[in-house]
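S.K.: If you read the sequence shown in this note's numbering, its first letter stands for residue 1, the second for the next number, and so on.
Because the hints were derived from the structure by calculation, they are not lab data. There may be inaccurate statements among the hints.
What the hints assert, rightly or not - In silico lysine to aspartate or glutamate, DMTMM-like type, Cα no more than 25 Å apart, as pairs:
{"hint": "1", "residue 1": "33", "residue 2": "224"}
{"hint": "2", "residue 1": "532", "residue 2": "508"}
{"hint": "3", "residue 1": "33", "residue 2": "96"}
{"hint": "4", "residue 1": "431", "residue 2": "421"}
{"hint": "5", "residue 1": "410", "residue 2": "421"}
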Amino acid sequence: MERRGCETRGTSARPPNLDSEGGVLALFPAPYKDELLYSLCGRYARLMRHGNLKNTLRHLFGRETVTAVMDLPTHLGHLAEQLAPIGGPGVDELIDQHTLLPYFSAFHSAERREEIRAAMRGEGHPHWRLGLMASRVASTRALRFCPSCAAEERARHGEAYWHRLPQLPGVLVCERHGVWLEESRVNLPAPVTRHAFIPAETVIPQNLFARRVPEGRERDVLLDLARRALGLLIGLPLSVPPSVLRGSYLAVLAERGLATFSGQLHIEEMRAAVRTFFPSGVVEWLGLSPDDDGWWLRLLRRPRAAAHTLHHLLMQSFLGLDQGKLGASVHPFGSGPWPCLNRASPHYGELLIEHLALDYTSNAREPIGTFTCACGFAYRRVGPDRDPTDARRLDRVAAYGPVWDSTLQKFWLDPALSLRELSRRLGFDPKTVRQQAARLGLPQRRPGSRGAKAPPKKVVVSVAASLEEHRTAQRTAWQRGRREAPEASTSQLRQRFPGVYTWLYRHDRTWLSRHSPLRTVSRSTVTRVDWKQRDTRLALALRRAARSLLSLERPVRVTPSRLGREVRQAALLDQHLDKLPRCARVLAELSETREAFAVRRIRRAAAELQRTGGQLPRWRFVRLCGLRPELLAVPEVAQAFEQAWAALLARFEVPAA
Numbered sequence: 001m002e003r004r005g006c007e008t009r010g011t012s013a014r015p016p017n018l019d020s021e022g023g024v025l026a027l028f029p030a031p032y033k034d035e036l037l038y039s040l041c042g043r044y045a046r047l048m049r050h051g052n053l054k055n056t057l058r059h060l061f062g063r064e065t066v067t068a069v070m071d072l073p074t075h076l077g078h079l080a081e082q083l084a085p086i087g088g089p090g091v092d093e094l095i096d097q098h099t100l101l102p103y104f105s106a107f108h109s110a111e112r113r114e115e116i117r118a119a120m121r122g123e124g125h126p127h128w129r130l131g132l133m134a135s136r137v138a139s140t141r142a143l144r145f146c147p148s149c150a151a152e153e154r155a156r157h158g159e160a161y162w163h164r165l166p167q168l169p170g171v172l173v174c175e176r177h178g179v180w181l182e183e184s185r186v187n188l189p190a191p192v193t194r195h196a197f198i199p200a201e202t203v204i205p206q207n208l209f210a211r212r213v214p215e216g217r218e219r220d221v222l223l224d225l226a227r228r229a230l231g232l233l234i235g236l237p238l239s240v241p242p243s244v245l246r247g248s249y250l251a252v253l254a255e256r257g258l259a260t261f262s263g264q265l266h267i268e269e270m271r272a273a274v275r276t277f278f279p280s281g282v283v284e285w286l287g288l289s290p291d292d293d294g295w296w297l298r299l300l301r302r303p304r305a306a307a308h309t310l311h312h313l314l315m316q317s318f319l320g321l322d323q324g325k326l327g328a329s330v331h332p333f334g335s336g337p338w339p340c341l342n343r344a345s346p347h348y349g350e351l352l353i354e355h356l357a358l359d360y361t362s363n364a365r366e367p368i369g370t371f372t373c374a375c376g377f378a379y380r381r382v383g384p385d386r387d388p389t390d391a392r393r394l395d396r397v398a399a400y401g402p403v404w405d406s407t408l409q410k411f412w413l414d415p416a417l418s419l420r421e422l423s424r425r426l427g428f429d430p431k432t433v434r435q436q437a438a439r440l441g442l443p444q445r446r447p448g449s450r451g452a453k454a455p456p457k458k459v460v461v462s463v464a465a466s467l468e469e470h471r472t473a474q475r476t477a478w479q480r481g482r483r484e485a486p487e488a489s490t491s492q493l494r495q496r497f498p499g500v501y502t503w504l505y506r507h508d509r510t511w512l513s514r515h516s517p518l519r520t521v522s523r524s525t526v527t528r529v530d531w532k533q534r535d536t537r538l539a540l541a542l543r544r545a546a547r548s549l550l551s552l553e554r555p556v557r558v559t560p561s562r563l564g565r566e567v568r569q570a571a572l573l574d575q576h577l578d579k580l581p582r583c584a585r586v587l588a589e590l591s592e593t594r595e596a597f598a599v600r601r602i603r604r605a606a607a608e609l610q611r612t613g614g615q616l617p618r619w620r621f622v623r624l625c626g627l628r629p630e631l632l633a634v635p636e637v638a639q640a641f642e643q644a645w646a647a648l649l650a651r652f653e654v655p656a657a
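Could you build the full structure based on these sequences and the hints that come with them?
M.R.: Next comes the structure, spelled out in structure tokens:
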């Protein structure tokens, strides 16, 4: 049955503009599907028609200083207690179904997720714990909505509401209607007051035209990201450690030839593939730079910190990975058991091999699996397996085993079997069978074999005499070559007479070394470097590079390595700095410590706000300065921050929270 108007929980006999004086809620709107808690509070405030915004905060959260947060609200434990008497949702339901935590915490550990949930139940700081304050992924600037969804909700419920999905970073289109999301005039954080919950019905225009996303690659990528983000919101929490997740990514990349199976990434090939897959327009819409490779490099290197959820979704979209398969081991030879390929065994072809030994080719580009059966037969195969029939392919035998050896001995002495039939039964060609018979010491001539002919009489020639004659012939040919090209070097003679050189090198190396041209040492003219002049020139270039870095719009830390890259002399400065005393002094003078760089960011951000007259709360200023908690705890940085913040407070009426 469709709901019309604003369905509520609790007592409805009281006038809608009243609330219980004792602090217990008398009614509360029933939540819609995928509705933000911010939207629920906004509909409650509209329903109750509170004259003072802080009345809403006091009734819902028990305090008048709570900020109206859209994504990760706090004090939810108190709100759940208020809703319990009227059958409202519990605190876990509020967090899981009406906040953005399932998205932002999807790739964090279970322990970290529980810490964040505890912070949201009480008075914690979930944004800090998730690392969002220092993330390069920009948060949503204003509440967004789908015009088509808003029209449907007004027809079904009598009012529009704020959904969770449109507020997620990276979600720019409606996954149901394929239209662009629109930004409302509800900015985040609110420039006027941070205590107001603004209902969607009061700000979303009526009959707004929905702009369809044009067909093409951009639409496909954006819709895929939106659907993946929705899967995180409504699905069960992932329980995949970062190291296992990284292994899943690298395994798929190895299958595509963008990494080795030992985990070595092909950077240039990967960069080209990523830029081909993601249109430049989409990358810019997502707030990323088309030339920035950092987001996928951090995912594919050994994880030191959790990456942003948007980066994981981009990687999974690029690889075509379903979220349900994340963490599943991707083996280059599939999952066992594997078949025994010993044709001499009665269990040939049966899946009896439970384990394999995995190795890699010398360049680490391809895996090599060694499969050993209990019968002693072991074979190797170069992977990965790309077809089900590959499972019954062997490239090389590692060990034949006692079962195969005993069968060969039995067949070899059986006069009823021809060599061809014997080889067919054992699964190898006649030449291989003869070699293995020799290995086992079996007679070279099979007694009484069908069709066997008496071996032809051979002229027995002394092996020693034959070898000596061949040695003499090879020596003569080498000396003839030297007479024909007296100026030729050993390498040149080797190119002219490769067969002669190879035979002598293998069988008569001492004679060859005595009768080869003497090695000539070329004396090259070495141009001496004027290190003093180079030091002076390079020191000036380093100062110019430092000034250039300090003038960038986006602050960049001045370090010796960065300066070396700017002047294109990083290797020279790293290897010969002892010969460049001026450069050493300049690098020591201009390089910034981590703390000094933080102080420069603080002063730069404060100066910009002083110039533009911008007003923002303290936490926003911390994020603008790019300060992590451990850095803000350093006395030098903390003092600079407090001085800058005090100056802003003195000039503007800045929110203190």
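S.K.: Now tell me if each hint is right for this structure.
M.R.: Verification of the supplied hints:
1. 33 / 224: Holds, at about 21 Å.
2. 532 / 508: violated (54 Å)
3. 33 / 96: Distance of about 12 Å is within 25 Å: holds.
4. 431 / 421: Between residue 431 and residue 421 the Cα gap is close to 13 Å, so the pair holds against 25 Å.
5. 410 / 421: holds (13 Å)
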